[in-house]
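Undergrad: Protein sequences appear in the order of chains S and F. Numbering of the first sequence is given in this note's numbering, commencing with residue 1004 and proceeding in unit increments. Numbering of the second sequence is given in this note's numbering, commencing with residue 61 and proceeding in unit increments.
Source of the hints: derived by calculation from the structure; they are not laboratory data. Each residue gets a CB set at the ideal place from its N, CA and C atoms; glycine is no exception. Any given hint might turn out to be false.
Now the in silico label distances, taken between C-beta atoms and shown as ranges [claimed, not checked]:
| id | chain 1 | residue 1 | chain 2 | residue 2 | range |
| --- | --- | --- | --- | --- | --- |
| 1 | F | ARG105 | S | GLY1203 | 45 to 51 Å |
| 2 | F | ASP235 | S | SER1384 | 31 to 37 Å |
| 3 | S | GLN1322 | F | ARG105 | 27 to 33 Å |
| 4 | F | ASP231 | S | SER1384 | 54 to 60 Å |
| 5 | S | ASP1184 | F | GLU349 | 54 to 60 Å |
| 6 | F | GLU342 | S | ARG1149 | 46 to 52 Å |
| 7 | S | ASP1184 | F | ASP231 | 56 to 62 Å |
| 8 | F | ASP235 | S | LYS1190 | 42 to 48 Å |
| 9 | S | THR1227 | F | PRO291 | 52 to 58 Å |
| 10 | S | MET1471 | F | ASP235 | 55 to 61 Å |
Okay, derived cross-link-like pairs now, EDC-like style, lysine to aspartate or glutamate, Cα gap no bigger than 16 Å in a straight line [claimed, not checked]:
| id | chain 1 | residue 1 | chain 2 | residue 2 |
| --- | --- | --- | --- | --- |
| 11 | S | LYS1061 | F | GLU267 |
| 12 | F | LYS125 | S | ASP1303 |
| 13 | F | LYS125 | F | GLU267 |
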Amino acid sequence: MTATATSASAGTSSGATILPFAEPVKAGRDTRPLRLITCGSVDDGKSTLIGRLLWDTKAVKEDQAATLHRDSGQQNDLGLPDFALLLDGLQAEREQGITIDVAYRYFSTDRRSFIVADTPGHEQYTRNMATGASTADLAVLLADARAGLLEQTRRHATIAALMGIRQFVLAVNKIDLVNYDKAIFEKISHDFREFALSLGVRQITAIPMSALKGESVVYSAGATMPWYEGPTLIETLELATVRSAQAGGFRLPVQRVSRPGESFRGYQGTVAGGSVKPGDSVMILPSGTVANVKQIVTFDLVRNAAVAGDAITLVLDRQVDVSRGDVIVSLDGQPMTGFHFEAQLVSLQPGGIEPGKRYWLKSGSRRQRVSVEPVSQLELSTGKWQPHASTLSMNAIGKVRLSFEEQAVFDTYEQNRATGAFILIDPDTNNTVAGGMITAKRGELGGIHRDGQRVLMSLPADLAELIMSSELFAKRRDETEIKRMTASQAAEIFSNAASDI
Amino acid sequence: MPLSSVQETEIKNPPVSKPPLDPHLKALENEAIHIFREVAAEFERPVMLYSIGKDSSVLLHLARKAFYPGRVPFPLLHVDTTWKFREMIEFRDEIAQKYDLDLVAHTNPRGKAEGITPFTHGSAFYTDIMKTEALRQALDAGQYDAAFGGARRDEEASRAKERIYSFRTPDHKWDPRNQRPELWNVYNGMIRKGESVRAFPLSNWTEVDIWRYIQAEDIPIVPLYFAAERPYVERDGMMILAEDPRLELQPGETIQHGMIRFRTLGCFPLTGAIRSTASNLEEVIAELEIATVSERQGRAIDRDQSGSMEKKKREGYF
């Protein structure tokens, strides 16, 4: 509801990136918490920025500040505590002076509360960023006004976009160190806008700020930047949208079956998309059984409807076989079911993701065996996908093919973050080794399967002649089948195969 | 809720007595219920750590919601140091009966055998034996493979980095440097025999959220959270409640009376009161919103040294 002003500005392309700032909707506390991720290296002042947010929204209490003073015996030149110490909660980090993992911070204003995933800027940032970004609605990307847009910032933006974040804030920090120069700010924000648009992100707000001095963070900069009339960071966050309950059909991944008495059987889970009401016809996947919704039960009352995000107990009008891991869906707009899917994933552990190895895949409440075949890997420095069929090492982002032993049920991540996301678990270590996002379903003949016995190829005639004239081919000629046809005939066969004939 | 209402299959719409939750609290509630159901479905022997405090009260309420119309499908475990406030134990027993809960209370036998008290052995050693070691004993005895706790990430710096499913080795150790990545709301519950998971459904709640939820849902809590005229002694800069005969006055100490209340509840000799006139939920929340010190400030055990919570957690403390 508070989002209207921000979304309306999506197409703004002026260099100053000033949002048409509508009168803030009086939201009171009736908004969901906004989850955000901050990306930037230590040098960009990320810890200072988060510390400043916590400090100026009064999320840091006196005794915590006193502990900081005691521990560090130092403060910055504004008489404030060293914010990095406040954030780096673990002893190892304090000792080494680095941030090693994702931490979550909480602060709120009168209008809204916020959850910040605070991730380190250097070592293993891909893995930690992916973790933090998986739940984020918005990414704040930091740039040092003196340095401009660095490759690091582009990498962070690329990962954030890949994880499905569609709202960016570019915080051009340390603007005081370039004498509040408007031209410098506009150059950096222009470059960033161009880049973000190329990633498919259209909601971009750029803000010149000094986190150290607290300018344009919670309080506006006032006299130092009379040329900047846009929102402060906190105003932008207050008006940002929570990643919407995705459009599309009803989805209820069944977490457990509740049978407190002989006559009651309810299916418990969190609605992962769409809505449902008593009387609706639904299908249970993967079995395909159809039933009608009889009741939506919650502790408080029997409800007339449930929407995405609601944790409910669903009662159906007939005895059907439903167990944990099944998905109850609307008859319209059903998800994809099948044995083969395409996905993008982030490799999270030192062993990497090995081709052909059998992993556990968990998505929603369903866990099943899968084998993974890498296809390509994202080169973060250029943003290009390079062919890559071998192990995807830690921090690599890859496109892969997934093959299941039992029917799987997915939406694309683009359509539904809850039913399109998954993790991979290594059965040898039980550790979480990858986070992934479904991009498409593949036909049963959609490509070369590692475990397949035969390979069907369509080749240009001249290349086929070359192969057939080889000695190796001649030796095994008896084992092959060859048909000649036109290019369009071949294309038709493959497109049919890919759509699961 | 009595089970009889279930037998009819048709669950009658109860009279709507309270307004719907605001979206912020609703989102937190939904997330917590999701975690409860996921853990209950994935683990063989879950248990819920119940400390009787306000966070535990919220946790229990959420558990009842998550499994309604069924019973809470796991026991509650209270690690009883025998030094809790008297009103806490009364409250605990009342709640267990009222909601038909399986309550397991465990006390480390070393406490009695070796005469370990917070007065004689210092807070650090006492806490290690009567809380951390006791918890390990109880978890081992019950062979629990998952334990719900009411910890929140906003409480303390090392909590801020803890996962919602927090993996523990067979000897209950937490290794903050090697936590499993946790993406979306897809939790990895795969463990080997002997290993366990601590699950934190309230991870994303703040102290204000807890209070506002208690108010919105009308959740019963121990009366010590509300200001009243109570006897206390001042010791080491803390106001210690003076109603237990085991509290011996030291030279120069006198029992005073005043309007005090507690922001957190633990063992009475280690928990400091605050001066307050907030005698109901509205006043407590109002007080909280202008508070300038954190709730753990009254806890002696957090003050031993910086990073002391992380140290205790590594050793198996919640």
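Undergrad: Now tell me if each hint is right for this structure.
TA: Right, here's what the structure says about each hint:
1. F:ARG105 <-> S:GLY1203: 45 to 51 Å: holds, 46 Å
2. F:ASP235 <-> S:SER1384: 31 to 37 Å: holds, 33 Å
3. S:GLN1322 <-> F:ARG105: 27 to 33 Å: holds, 30 Å
4. F:ASP231 <-> S:SER1384: 54 to 60 Å: violated, 44 Å
5. S:ASP1184 <-> F:GLU349: 54 to 60 Å: violated, 40 Å
6. F:GLU342 <-> S:ARG1149: 46 to 52 Å: At 50 Å between Cβs, range holds.
7. S:ASP1184 <-> F:ASP231: 56 to 62 Å: About 58 Å separates the Cβ atoms of ASP1184 (chain S) and ASP231 (chain F), which means 56 to 62 Å holds.
8. F:ASP235 <-> S:LYS1190: 42 to 48 Å: holds, 45 Å
9. S:THR1227 <-> F:PRO291: 52 to 58 Å: Since the Cβ atoms of THR1227 (chain S) and PRO291 (chain F) sit about 56 Å apart, the hinted range of 52 to 58 Å holds.
10. S:MET1471 <-> F:ASP235: 55 to 61 Å: holds, 58 Å
11. S:LYS1061 <-> F:GLU267: Holds: LYS1061 (chain S) and GLU267 (chain F) sit about 14 Å apart, inside 16 Å.
12. F:LYS125 <-> S:ASP1303: holds, 8 Å
13. F:LYS125 <-> F:GLU267: The given pair, whose Cα atoms are some 21 Å apart, is violated under the 16 Å limit.
Checked against the numbered hints above, the structure violates hints 4, 5 and 13; every other hint is satisfied.
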